[in-house]
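> Quick note, the sequences are listed as chains A, B, C and D, same order.
Quick note: the first sequence uses the numbering used here, first residue 1, plus one each step.
Quick note: the second sequence uses the numbering used here, first residue 1, plus one each step.
Quick note: the third sequence uses the numbering used here, first residue 1, plus one each step.
Quick note: the fourth sequence uses the numbering used here, first residue 1, plus one each step.
Hints were generated in silico from the structure; no laboratory data involved.
Do not take every clue at face value.
Here are some, though not all, of the chain A residues that point toward chain D, as calculated from beta-carbon distances under 8 Å [as the list claims (entries may be wrong)]: (1) Asp129; (2) Lys151; (3) Gly155; (4) Asp156; (5) Ser157; (6) Phe424; (7) His426; (8) Glu574.
Every beta carbon over 10 Å from chain C, so not counted as near; a handful from chain D, in silico [unchecked claim]: (9) Ile97; (10) Tyr99; (11) Glu114; (12) Asp142; (13) Glu143; (14) Lys215; (15) Gly284; (16) Ser327; (17) Gly389; (18) Ala399.
Virtual Cβ for every residue (Gly too), placed ideally from N, Cα, C.
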Amino acid sequence: MSNSYTDKLLRVNLSEGTVKTEKINRDWQKEFIGGRGLATKYLISETDSKTDPLGKENKLIFVTGPLTGTSAPTGARYMVVTKSPLTGTIACSNSGGYFGSELKFAGYDMIIFEGASDKPVYLSIYNDDVVIKDAAAIWGKGVWETEDILKSVEGDSDSRVAAIGPAGENKVLFSCIVNEKHRAAGRSGVGAVMGSKKLKAIVVRGTKGIGVSNPERFFEDINKSKEILREAPVTGQALPAYGTAVLVNVMNEYGGLPSYNFRSSQFANAEKISGETIADTRLVANKACFACTIACGRVTKLPDNASEKYIVSTSSRNWKDAGGGPEYENIWAMAPLCGIDDIDALIKANWLCNDLGMDPISYGATLACAMELYENGAIDEKTAGMNLNFGNAEALVKMVYDTGHRSGFGDYLAEGSYRLSKRFSHPEFFMGVKKQEFPAYDPRAVQGIGLAYATNNRGADHLRAYTIASEIMGIPEKTDPAETEGKAALTKLFQDATGVVDSSGLCIFCTFAIGLPEIVPMINSAAGSDYSVDDALKIGERIWNMEHLYNLSAGILGAEDTLPKRILEGKIAEGPTKGMVNKLDKMLPEYYQLRGWDDNAVPSKEKIEELGLG
Amino acid sequence: MLIKVKFFASLRDDFGKEAVCEVDQNSRVEDLFHKMKIPKDLTKIVLVNGKSIEGNMDYLLSDGDTISIFPPIGGG
Amino acid sequence: MKSLRVDISKCTACKQCELACSWHLTGQFNPAKSAIKAFVFDAIARYVPYACFQCDEAWCMNSCPISAISVDVKTKAKIVDKNSCVGCKVCTIACPFGTISFDSVTGKVYKCDLCDGDPSCVTVCPTDAILYKDVDTASTPKMSEWALRLTDAYSIKEANL
Amino acid sequence: MAEKYLILGTGASGLSAVRTIKKIKPSSDIYAAFSDDHPYSRMLIPYYLTSEITGEKLYDRNEKFLNDLGVKLLPGRKATKLFADTKRVEFDNGEIIGYDKLLIATGSVPVVPERWSSFERVVSLWDYHDVERFKGRLGSADEIVIIGSGFIGMIFANALYKIGKKITIIEKLDTVLPKMLPETAALMFREQLMNNGVTLVTGDAITEIDEKSDKITISTENGKEITGDMAVIAVGIKPNIDFLKSSGITIKDAIIVDKQLKTNDESIYAAGDIAECPALRENGNAIYPTWPAAVEHGEVAGSNMAGEKRDYLGGLLYNSVTFGTISAASFGRWNDTDAEIVRWKDPAKGRFIQFCIKNDIIIGASLLGDNDRIGIIKGLIGQGKKIAGDFLKNPSAFANEFLLSNYFAGNAYKG
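Make the full structure from the sequences, and use the hints.
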């Protein structure tokens, strides 16, 4: 019977230089749907949680979901699962574009990379033809040039390339894996793991078809979802018109847009780098990921006079070409958080992050931390190589390049803000959880997101439980951001539901309009499964607990489910949220209880049994 | 009394970025919307001095308030 | 007479058209076997849906040695009769627009057949970048008009110009 | 009275000329003379040979097409003499037919050395009768020798390979498909042929063929002896225009025509393999003996004959050939020695792409492997525009180049 799985995985041993095709474990597929859940199950089964993330015992898994490559709206996603070198936790980074679907069209749900190569290589996939090739000619090059070269070398402009840039090669701890030049498996340093394996890129071309189990129902299901996505104001109008960047002004008005490394929660010049300003002055097109009917992706162009400003020499970058982004998170991290309001410096830095293969959130946040260290005298101009005052746009652009190449002070930045702040004796300047930097919502102003950050299995992050949807946007229901009550349940529900979305191959942004009652039927009619919404939530809970157990066994214990002192005690000084702190202690015990975990975040035997994780 | 009104995203197409509106004492948000002809169905988030009114259109305005009005927005 | 029209300022390169077309042609999702393709030009941020123009004196049709390509009475689409096609590929090199291709799996050629007057690429396009409209009523340029400034070389004659 | 059109030959040119004339002048009076019993497409003979199509299918369609258009068919007639001054053609059955406008579209005939032409087991497979004769013996023939590795040799090699015959190909030159592939590609093609079990003898010419009752033995210059059950001769073709001697029509290698496919006689046009027509954007005339070119010739000639003036874009040689799953195609002047060459290859995937570029204009290409939207290469060469995009870096992106140069007027990357 035909369904939307290919049922095959590629196992690539980079130490041995071998490629094998295997059948996907059907039982696991049923237990975890695919994507994030399935790959995590493989990683946990095949590796030791205490392994060195950058050692060759760690594995790097690329995985798709059953809806990846189908016409289910937003069915573009692939995920990269590995042990994170930044956090030491499980890492699952998620990306769109065309790469994931192309992998399916080549006939694979998943690739497991194991071992490490002695010399730089890339993996070339053309349907059944899978070859490990020498990457000497592209090692050291930026992601963009790498993609162009590989398309040219492989002779197919429809090839899709996922690559690391110099940042991944140099094992920058927040380096990412970039596909289609502007889409990235961004957080937690998955690029460094790829770099540690000397794997420069994967180039894939597939010409095989993907079927669905019940076409008639599938088209009914997806048409219903598409209709909802079209009619919903957020996915039908707001995201297409302004992308995610529209949030800059929203969060700023709320007093929840952290600036100056969380010393403030508003940014006076937010308007200058807002979604509205970008749409009016820099935006040239919307670009969608594969099968996406929303098209939140921004494509911007620098004005002619801006292209000469803050030039750093990078590969073949043509500053006059259009490029992707910037998105909300990136804008925030590299502008307000660093006190910078230069939109063109921001766009350049964002492009450079993409080209060098680096997570702009962690980069921006680490630079902000360095700026605070600098202004506090912990770092001097000699050490930094330049003045690192908040607001220095030139530093923003220059330091991206130096960080990606680990040159000069960039070598310190490349370690992320947790290690940087410790190195310069001010660990309290690290603004994040489990060694990963916060994203763009002040957890003092928005209570629920604080709990989500604290309990997140991959460290501070907004994409595992985007409570902002409820607390700020009112989706699916409005809750008061200042209130702690109900946030434990909200966070748990979002965490579990997100696990399902991530495992399906859909983009989390579809949930601004549709929910599991729409998503689960699409999975079923494509994959030939018969999950109920409750089954799906159970799978989400299973994934969450599986990831959590991995972290516990890796030595990342409940004590790390916390927030920095500045967030818990340092009241917001000014603005509409003046005086607020995050009241994590009011939410965390309840959260543990709802999870069936004890005070140390250890799941009860019953819970483990109930979820089949024994 | 004078109220500063800030508009965002697509609302700027019709209302511009910012306006100052004079309303009577004891006016509610509802009254201001009425006076400025702001269609309620196009707005999703209304903040008064940065605080969400949580859908309460009867919220009483005070002189010098800043009101921020957003259409439905999403992001992440 | 209706024809495919494109507004390239609206295309987001989401490839829903390719998915729908390949499903129509093969019963599977397989953009590599789609008759329409959304070309991506990143450096200039332009995305261009591109398919057969259904030209009147169609090279593919006229060059087919076994008359496997004919004009659909209703839509004026040039359609391939899969039973007749022997896979000689003459049409694929004769069409200067490259809008008919060989499928090595089936051993036959495939092209846009306008889905019997209800093109699925149009139905699924989320931004209305692809339309199927009458000549007189639509202000959106025809697919051919965008692509074809080939006046010196191949003067294209369309059924419905 | 309606003008009377006489068409000699019902191949690709003849058929497309008839179609074009009828479109412009539906009530025109058209006579079509041809030497076989039925009008059929020679392109289909390999498929008839393998029984992929039936005999009916081979000629029914063309016959029905011509009948439906009201064309008067004159089967079994070979033209023997042209009286241009009196506008008449004499045929081998003694008939003489007059015309107002004449199209010569008599195609080519195979070159078969006289001394082997009577051999039972050595055939050219040129026409229906050859094939019928050959088919009768095919059952008992397992090993077939193909003499010549050009387009025709290769399509018959492929047809016979498809029905399970053991194939040996002998080529006088050093590489296969010499008119379609440069050496690198030809070697790749050769390797794939050999992987499919084909025996290849290149750089060697035949000296003698010895026909026994059930076997043939072929001797070569290099002293090889190659045996087989049958041999197919595909060493070349020549224009079928012997009957034009002393007709006053200007002939060099073939009939010289102008941009309207008109000969030196106002009433006489020539199309297809026998026309030596102006080259695309080059000085001089040449012969373009391929099927799709013949179709275009027929259209241009037919249009001009019917009074609708139309200029031919100019001759472009392009062709495509397949053996098993291996495809090759060539367009225009892919081997121009003065041109810049952009090349890409991947031997592991059996793919090769070479473009010839002169003054920033693409003038030819040669390719191996299946390439989607390959016709665009004809479009690129035909339009003669300067290269607009990153094409030189990645010639496999020829379709992108075509769109870029047309949609964005060629200045897309100028910023």
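> Is Gly284 (chain D) truly not at the interface, in the sense that its beta carbon sits beyond 10 Å from all beta carbons of chain C?
holds (20 Å)
> Holds or violated: is the Cβ of Tyr99 (chain D) farther than 10 Å from all Cβ atoms of chain C?
holds (24 Å)
> Does the claim that Ile97 (chain D) lies off the interface hold, with its Cβ farther than 10 Å from every Cβ of chain C?
Non-interface label on Ile97 (chain D) holds, nearest chain C Cβ at 27 Å vs cutoff 10 Å.
> With a cut-off of 8 Å on the beta carbons, see whether Phe424 (chain A) makes it to chain D.
Given a least distance of 43 Å, the restraint on Phe424 (chain A) is violated.
> Does the CB of Glu574 (chain A) sit less than 8 Å away from some CB of chain D?
violated (44 Å)
> Determine whether the non-interface label on Ala399 (chain D) survives the test: each CB of chain C must be over 10 Å from its CB.
Nearest chain C Cβ is 6 Å from Ala399 (chain D), so the label is violated.
> Min Cβ distance, His426 (chain A) to chain D: is it shorter than 8 Å?
It is violated, given that the least Cβ distance between His426 (chain A) and chain D is near 45 Å, above 8 Å.
> Compute the least Cβ-Cβ separation between Lys215 (chain D) and chain C, then decide whether it is above 10 Å.
Given a closest Cβ separation of 32 Å, the condition holds.
> Say whether it holds or is violated: Gly389 (chain D) keeps its Cβ farther than 10 Å from all Cβ of chain C.
The assertion about Gly389 (chain D) is violated, with a minimum of 8 Å to chain C.
> Should the label of Asp142 (chain D) as a non-interface residue stand, given a Cβ cut-off of 10 Å to chain C?
Check passes; 25 Å lies beyond 10 Å.
> Would the hint on Asp156 (chain A) be counted as holding, given a Cβ-Cβ threshold of 8 Å to chain D?
Holds - the Cβ of Asp156 (chain A) comes within 8 Å of chain D, reaching about 6 Å at its closest.
> Against chain C, does Glu114 (chain D) hold up as non-interface, every C-beta pair farther apart than 10 Å?
holds (31 Å)
The earlier numbered hints that this structure contradicts are 6, 7, 8, 16, 17, 18.
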